[in-house]
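Protein chains in written order, with the working numbering: chain A, 198 to 561; chain B, 6 to 448.
One thing to keep in mind: the hints can contain errors.
Claimed, not checked - Here are the computed lysine to aspartate or glutamate pairs in the EDC-like style, where the Cα-Cα straight-line distance is at most 16 Å:
no. : chain 1 : residue 1 : chain 2 : residue 2
1   : B       : K190      : A       : E261
2   : A       : K376      : A       : E250
3   : A       : K429      : B       : D48
4   : A       : K376      : A       : D408
5   : A       : K252      : A       : D408
6   : B       : K146      : A       : E422
7   : A       : K252      : B       : E174
8   : B       : K188      : A       : D408
9   : B       : K190      : A       : D408
10  : B       : K369      : B       : D350
11  : A       : K252      : B       : D178
12  : A       : K252      : A       : D417
13  : A       : K376      : A       : E310
14  : A       : K429      : B       : E47
Said to hold, decoys possible - Here are some chain B residues the structure puts well away from chain A; computed CB gaps all over 12 Å:
no. : residue
15  : V56
16  : F65
17  : G81
18  : V294
19  : S419
I should point out that these hints are in silico values taken from the structure, not numbers from a laboratory. This one's a predicted model, so the numbers in the text were calculated from it and none came from an experiment. All residues carry an ideal CB built from backbone N, CA and C; glycine is no exception.
Chain residues, written in single-letter form:
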Amino acid sequence: MNAQFIHTSLVRGLDGGSGYTVAGRTGGMPMAMSDVLCRLSGLPPAWSDASIEEKILCAFRTVEYAGQRVSVLSHIAPSGMDYTGRANRISHHRVMDEHAMHVSDPAALLEDESLWMREWVGAARELSGGELPARLAREDAPLHTWERVFGDAGWAASVLEVVMKSGIGVWLVVPARSKKLRLCAEMMALVPQEQRWQITFATRPIAPGSDASVKICFVDEREPELAAHNEKSEWIIQVGSGMLSRAPAGALAQRARVGIGEAMHAAAGHKPQARDLNAHVGGDVWTAPTKLSAPREREVGVVDRASDVVGAGKQNALPTPHAVIEVRRMVDTSANSGVWKWFAATAVVIAVLLWLAVRSGATL
Amino acid sequence: MPVHSALTTHPLFREPRELMERVHCPSCRVGFAPSEVLFVAEDARLVGDPVAGPTQQLRFLPTRFDVGGAALDPEGARCTRVACPRCRIEFPRAMIELPSTFISVVGAPGCGKSHLLAAMTWGLRRERARAGAFMVDTEPKLNARLHRDENILFGAPDSTELVRLAKTEIAGDALLYRTVRVKGKDETLPLPLIFTLHVGSGGEPSEGADGSSQRLSALQTIELPTNTLDIVEPAKRGASLVVLYDNAGEHFLPGADESAQPVTRHLSQSRAIVFVFDPTQDARFCAAVGMADNGGANIRQDLVLTETFARVRHHRSRHAADTLDVPLVLVLSKADAWSVGAHIDLNVEPYLPQGGLDFAALKKMDGALRPLLQRACPEFMSAVRAATSRVLIVPCSALGPRTSSVVGAGVRASDIHPQWASVALLTVLPLEVDAIANASLWT
Ligand SMILES: Nc1nc2c(ncn2[C@@H]2O[C@H](COP(=O)(O)OP(=O)(O)O)[C@@H](O)[C@H]2O)c(=O)[nH]1
Ligand SMILES: [Mg+2]
Ligand SMILES: [Zn+2]
Numbered sequence: 198m199n200a201q202f203i204h205t206s207l208v209r210g211l212d213g214g215s216g217y218t219v220a221g222r223t224g225g226m227p228m229a230m231s232d233v234l235c236r237l238s239g240l241p242p243a244w245s246d247a248s249i250e251e252k253i254l255c256a257f258r259t260v261e262y263a264g265q266r267v268s269v270l271s272h273i274a275p276s277g278m279d280y281t282g283r284a285n286r287i288s289h290h291r292v293m294d295e296h297a298m299h300v301s302d303p304a305a306l307l308e309d310e311s312l313w314m315r316e317w318v319g320a321a322r323e324l325s326g327g328e329l330p331a332r333l334a335r336e337d338a339p340l341h342t343w344e345r346v347f348g349d350a351g352w353a354a355s356v357l358e359v360v361m362k363s364g365i366g367v368w369l370v371v372p373a374r375s376k377k378l379r380l381c382a383e384m385m386a387l388v389p390q391e392q393r394w395q396i397t398f399a400t401r402p403i404a405p406g407s408d409a410s411v412k413i414c415f416v417d418e419r420e421p422e423l424a425a426h427n428e429k430s431e432w433i434i435q436v437g438s439g440m441l442s443r444a445p446a447g448a449l450a451q452r453a454r455v456g457i458g459e460a461m462h463a464a465a466g467h468k469p470q471a472r473d474l475n476a477h478v479g480g481d482v483w484t485a486p487t488k489l490s491a492p493r494e495r496e497v498g499v500v501d502r503a504s505d506v507v508g509a510g511k512q513n514a515l516p517t518p519h520a521v522i523e524v525r526r527m528v529d530t531s532a533n534s535g536v537w538k539w540f541a542a543t544a545v546v547i548a549v550l551l552w553l554a555v556r557s558g559a560t561l
Numbered sequence: 006m007p008v009h010s011a012l013t014t015h016p017l018f019r020e021p022r023e024l025m026e027r028v029h030c031p032s033c034r035v036g037f038a039p040s041e042v043l044f045v046a047e048d049a050r051l052v053g054d055p056v057a058g059p060t061q062q063l064r065f066l067p068t069r070f071d072v073g074g075a076a077l078d079p080e081g082a083r084c085t086r087v088a089c090p091r092c093r094i095e096f097p098r099a100m101i102e103l104p105s106t107f108i109s110v111v112g113a114p115g116c117g118k119s120h121l122l123a124a125m126t127w128g129l130r131r132e133r134a135r136a137g138a139f140m141v142d143t144e145p146k147l148n149a150r151l152h153r154d155e156n157i158l159f160g161a162p163d164s165t166e167l168v169r170l171a172k173t174e175i176a177g178d179a180l181l182y183r184t185v186r187v188k189g190k191d192e193t194l195p196l197p198l199i200f201t202l203h204v205g206s207g208g209e210p211s212e213g214a215d216g217s218s219q220r221l222s223a224l225q226t227i228e229l230p231t232n233t234l235d236i237v238e239p240a241k242r243g244a245s246l247v248v249l250y251d252n253a254g255e256h257f258l259p260g261a262d263e264s265a266q267p268v269t270r271h272l273s274q275s276r277a278i279v280f281v282f283d284p285t286q287d288a289r290f291c292a293a294v295g296m297a298d299n300g301g302a303n304i305r306q307d308l309v310l311t312e313t314f315a316r317v318r319h320h321r322s323r324h325a326a327d328t329l330d331v332p333l334v335l336v337l338s339k340a341d342a343w344s345v346g347a348h349i350d351l352n353v354e355p356y357l358p359q360g361g362l363d364f365a366a367l368k369k370m371d372g373a374l375r376p377l378l379q380r381a382c383p384e385f386m387s388a389v390r391a392a393t394s395r396v397l398i399v400p401c402s403a404l405g406p407r408t409s410s411v412v413g414a415g416v417r418a419s420d421i422h423p424q425w426a427s428v429a430l431l432t433v434l435p436l437e438v439d440a441i442a443n444a445s446l447w448t
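Bound-form chain A, shown alone:
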């Protein structure tokens, strides 16, 4: 079952304390789980003139609870004043169940603002588990935000590769005012859906090296915490320098630039429709895509139709084989992925069985 958990400053919390305390929690949640989520609830201080939206921490983390790792989505946002007259924040966590993970991906869920509480009204109380709609990022579109922020959408592929190889996780420094969650969601679209729950991330700095740290933090260049670290550290990465100094190349980078749809169109000798092009540059009316088309920057409608789009994507646009192979190779080299090894093993077993079958057929 999904579960949710709200932590904010109240005169009286669910467990009695005041100040930052448990405001809401799915009934029956074990105390140990509650304690784990409390510890994920902090909001790091931001730079002095950060806007409210810039202060929000969105994170997908996995934490250990009762001997297993559970997936937790967190949305931590400033939330007016508390009873002492000081700036409050509200941390809304959702513990994901298998089914929800099957039909959604973490970045797309976090991008759906309707799922995340920004203010707590009333006394502390128990909550339901919280129904989650299916939310999937589209796999077929070019990565416009990456292109706008970094000049070349292909960087998403390069960053993904660094993240997959990194043992401790990385902080990607992004220019001021870029939309970090959007960057994250776009990058995730390069990864097969079933892999997206393996790449933990955050949109504010989280120190690497603890149980609750993530594979990639999108860190605004103005973050005060950056100053505390040597920016030459290997785990602090920046587009255009260090591990990311070489221009992106390869099938995945190409897919990031043009998307699967364009690649297919190009291969079939089609030109994209004019209306699709308008959608590219953010034309103000978004109409439901008949075939494949490019997304707009931040469009809840897209996410709402995500499952249809994915369905359509499955029929109309099989991912380009090169890009898929590249992702699989990266995932394969990634330290914590056993899935593809398992696939390979299964393939070998099937091959052997086939061979045996053929041979026994031959001897008949």
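Based on the hints, put chain B with the ligands in the right spot on chain A.
Only chain B with the ligands this time, still in chain A's reference frame:
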């Protein structure tokens, strides 16, 4: 060469200074000998420590030293920074050379701890003549979060802009807490604020890390109220370290998960506890001083106090029935809001003309506040009496009289003029705690 002999024979540690026999880690509180101290590698290639974390420089027990006596890391770089052998969090090297006094600042959420700390340290950095003592950052980099607060409140004294301190986070603030992995388990520990305290009103502090090179004789410069005073070691040497903790109030509430997040373990070794009682969060106190009620935010501050001393007892393995002799300074905060109603005058601060605390004035203030508190909050005073036998009550206004009406939206920077802010800290500093005890100020 074994490290301890290196520590005592090499010039880095030789000089006139001796090493402490035993050092307590200001973060995880473990005690260890100076010979067990780890060094922090400086070479850029030596990143990653199994306990401190993959982004931290390696911690190591040195076996090689350069001619100047500095430890060399495995790549040959000179290292001077040191870390705890257990949690591997860095602490100022001066801690192995000078005695340290640990002081915990405790109180319910929103009672004014962070403001008080910023105001009292700010005061003691500047008011050496008046206070008869002054403090400098032992290792400025390690006090970064206090600088953040001090800058907000006092950084622009002429500005009419509204300023405010953020609510102290319970987790996730990298300047307040550090998560380390001890024996394969994550532990979140507090980062303390560490100062070098110089007693006496003369002399220039040496800038930067090492305060001990500048020794002042406390005996010559400070006027003491009694001549039978048993002066503690640090005072003789003129300098000692003061280690302060600012926790989020939530950590002191009953039921806070102390085992998983041992952020209040420092209570165990604290020389004194500064308990901040916020009268404006107590409806009966507000009524007693003719203040408008705060709108129902009635926090059981007596429970916070009881819980605090329960933890002190627990850490010191003392029986619940024993009263502890840990001195308790009861700071009544936000005095700008209630001093008029309580008929106390904060304009005169309790300092002697020649510098140092005026014990008579302190005693008088204590005498004025005690009956008021007893009348308005009897259960709180009962909790106090059950907790410890040494109590001193001190008022304080971290923001000053011109700010009390505008607190909600922040206060104008130019209006901030703390009153009695450094007094509470001064009363618990190494020299004074004994002086005051002897002057029978504590009751
Ligand atoms: N009037 C007045 N308000 C204060 C004073 N010190 C703190 N406050 C207010 O009390 C609230 C809590 O202060 P803070 O230091 O953050 O409390 P903490 O949670 O104990 O650290 C803030 O909103 C301050 O504006 C003071 O000296 N006078
Ligand atoms: Mg505070
Ligand atoms: Zn330690």
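Each hint, compared with the structure:
no., hint, verdict
1, B/K190 to A/E261, "holds (11 Å)"
2, A/K376 to A/E250, "holds (10 Å)"
3, A/K429 to B/D48, "holds (13 Å)"
4, A/K376 to A/D408, "violated (26 Å)"
5, A/K252 to A/D408, "violated (23 Å)"
6, B/K146 to A/E422, "holds (13 Å)"
7, A/K252 to B/E174, "holds (14 Å)"
8, B/K188 to A/D408, "holds (13 Å)"
9, B/K190 to A/D408, "holds (9 Å)"
10, B/K369 to B/D350, "holds (11 Å)"
11, A/K252 to B/D178, "holds (13 Å)"
12, A/K252 to A/D417, "holds (10 Å)"
13, A/K376 to A/E310, "holds (14 Å)"
14, A/K429 to B/E47, "holds (14 Å)"
15, V56, "violated (10 Å)"
16, F65, "holds (18 Å)"
17, G81, "holds (19 Å)"
18, V294, "holds (19 Å)"
19, S419, "holds (18 Å)"
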